[in-house]
Amino acid sequence: MITKKTPEEIEILKEAGSILARILKEVAKEIKPSVTTLHLDDRAMELAEEFGVEPVLLGYHPGFADRPYPASLCVSVNNCVQHGIPSEDVVLQEGDTVNIDMSIGHKGMIVDSGITVPCGEISAEDRKLLAVTEEARAIGIKQAVPGNHIGDISAAIQEFVESKGFSVVEVLCGHGVGYAVHEEPTIPNFGTKGTGPLIEVGHVYAIEPIVNAGGPDVYFDDEGDGYSVYTADESMSAHFEHTVAITENGPLILTK
Numbered sequence: 019m020i021t022k023k024t025p026e027e028i029e030i031l032k033e034a035g036s037i038l039a040r041i042l043k044e045v046a047k048e049i050k051p052s053v054t055t056l057h058l059d060d061r062a063m064e065l066a067e068e069f070g071v072e073p074v075l076l077g078y079h080p081g082f083a084d085r086p087y088p089a090s091l092c093v094s095v096n097n098c099v100q101h102g103i104p105s106e107d108v109v110l111q112e113g114d115t116v117n118i119d120m121s122i123g124h125k126g127m128i129v130d131s132g133i134t135v136p137c138g139e140i141s142a143e144d145r146k147l148l149a150v151t152e153e154a155r156a157i158g159i160k161q162a163v164p165g166n167h168i169g170d171i172s173a174a175i176q177e178f179v180e181s182k183g184f185s186v187v188e189v190l191c192g193h194g195v196g197y198a199v200h201e202e203p204t205i206p207n208f209g210t211k212g213t214g215p216l217i218e219v220g221h222v223y224a225i226e227p228i229v230n231a232g233g234p235d236v237y238f239d240d241e242g243d244g245y246s247v248y249t250a251d252e253s254m255s256a257h258f259e260h261t262v263a264i265t266e267n268g269p270l271i272l273t274k
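Residue numbering for the sequence shown follows our numbering, starting at 19 and increasing by one per position.
Calculated from the structure, these hints are not laboratory results. No experiment lies behind these values; they were computed from the predicted model shown. Take the hints with a grain of salt, since some may be wrong.
[Said to hold, decoys possible] In silico BS3-like cross-links for lysine-lysine, where the CA-CA straight-line distance does not exceed 25 Å: (1) K47 <-> K32; (2) K211 <-> K22; (3) K125 <-> K22; (4) K211 <-> K43; (5) K125 <-> K274; (6) K32 <-> K146; (7) K160 <-> K274; (8) K125 <-> K182; (9) K160 <-> K146; (10) K160 <-> K43; (11) K47 <-> K182; (12) K146 <-> K125; (13) K32 <-> K125; (14) K146 <-> K22; (15) K274 <-> K146; (16) K43 <-> K32; (17) K125 <-> K160; (18) K43 <-> K125; (19) K274 <-> K22; (20) K32 <-> K182; (21) K32 <-> K22; (22) K146 <-> K50; (23) K146 <-> K43; (24) K274 <-> K50; (25) K160 <-> K211; (26) K47 <-> K274.
[To be verified] What follows is a set of in silico ranges between Cβ atoms, one per label pair, in the way DEER data are often shown: (27) E44 <-> A83: 26 to 32 Å; (28) I20 <-> E188: 17 to 23 Å; (29) A156 <-> S36: 15 to 21 Å; (30) E266 <-> P51: 45 to 51 Å; (31) T24 <-> E177: 29 to 35 Å.
Beta carbons are placed, not taken as given, at the ideal position from N, Cα and C, and that holds for glycine.
Let's have the full structure, built from the sequences with the hints guiding it.
Dropping the structure here:
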């Protein structure tokens, strides 16, 4: 069932989203050559404590994993698509692209957001990948209006991404959010206009294009850390995410 959030709950989500945006902005400042991804997580934990919010990914146990997630951030570098676990062994280098993805709890409500950040100077092709992915997020959000369907979001993202020569990951999707990290509906980054659940006032979605420079196929590192997802062809990947509330006036971005 897709839950509807009250206006009061959406105000709390907006407060939380503003805090999360500030945390990600501060963590992004730490993305430099020679910095470890564990340092980024440590900084995110410090900021969560400073703002009095809960880093809800820490200890979160998704169904696909054999253990709870051990960090507050997902930090996915280059061809790591999603769910990269911060580590002192992963040292950032000039030219890397670094995705930081975080969920926080605030006054009983949860928001989710992510950005992909260049580490120093990156290639022109990687700059294009990041720009296209961020724009795809905006294009998807524009379709999140009452009376549309989830498929309208999905189709808009897919059409734009593929028109730029990139591909969308099909096995990882956006989702409802608010009372929990992951709620209904599932929001794929591919699909057909006019299909899927109806978009209604009070819904809250995490809209998150996940875009590969190469093909759409990925694999899960089941024999490694049990969480990280990588591109099958070792191409670069990018991800941008916002939590969005559906209002009578259209989509309201909460995580900015």
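Cross-check of the supplied hints:
no.	hint	result
1	K47 <-> K32	holds, 23 Å
2	K211 <-> K22	holds, 23 Å
3	K125 <-> K22	holds, 17 Å
4	K211 <-> K43	violated, 34 Å
5	K125 <-> K274	holds, 18 Å
6	K32 <-> K146	violated, 30 Å
7	K160 <-> K274	holds, 16 Å
8	K125 <-> K182	violated, 41 Å
9	K160 <-> K146	holds, 21 Å
10	K160 <-> K43	holds, 23 Å
11	K47 <-> K182	violated, 29 Å
12	K146 <-> K125	violated, 38 Å
13	K32 <-> K125	holds, 11 Å
14	K146 <-> K22	violated, 36 Å
15	K274 <-> K146	holds, 22 Å
16	K43 <-> K32	holds, 16 Å
17	K125 <-> K160	violated, 28 Å
18	K43 <-> K125	holds, 22 Å
19	K274 <-> K22	holds, 21 Å
20	K32 <-> K182	violated, 32 Å
21	K32 <-> K22	holds, 15 Å
22	K146 <-> K50	holds, 20 Å
23	K146 <-> K43	holds, 21 Å
24	K274 <-> K50	holds, 23 Å
25	K160 <-> K211	holds, 14 Å
26	K47 <-> K274	holds, 16 Å
27	E44 <-> A83: 26 to 32 Å	holds, 28 Å
28	I20 <-> E188: 17 to 23 Å	holds, 21 Å
29	A156 <-> S36: 15 to 21 Å	holds, 19 Å
30	E266 <-> P51: 45 to 51 Å	holds, 47 Å
31	T24 <-> E177: 29 to 35 Å	holds, 34 Å
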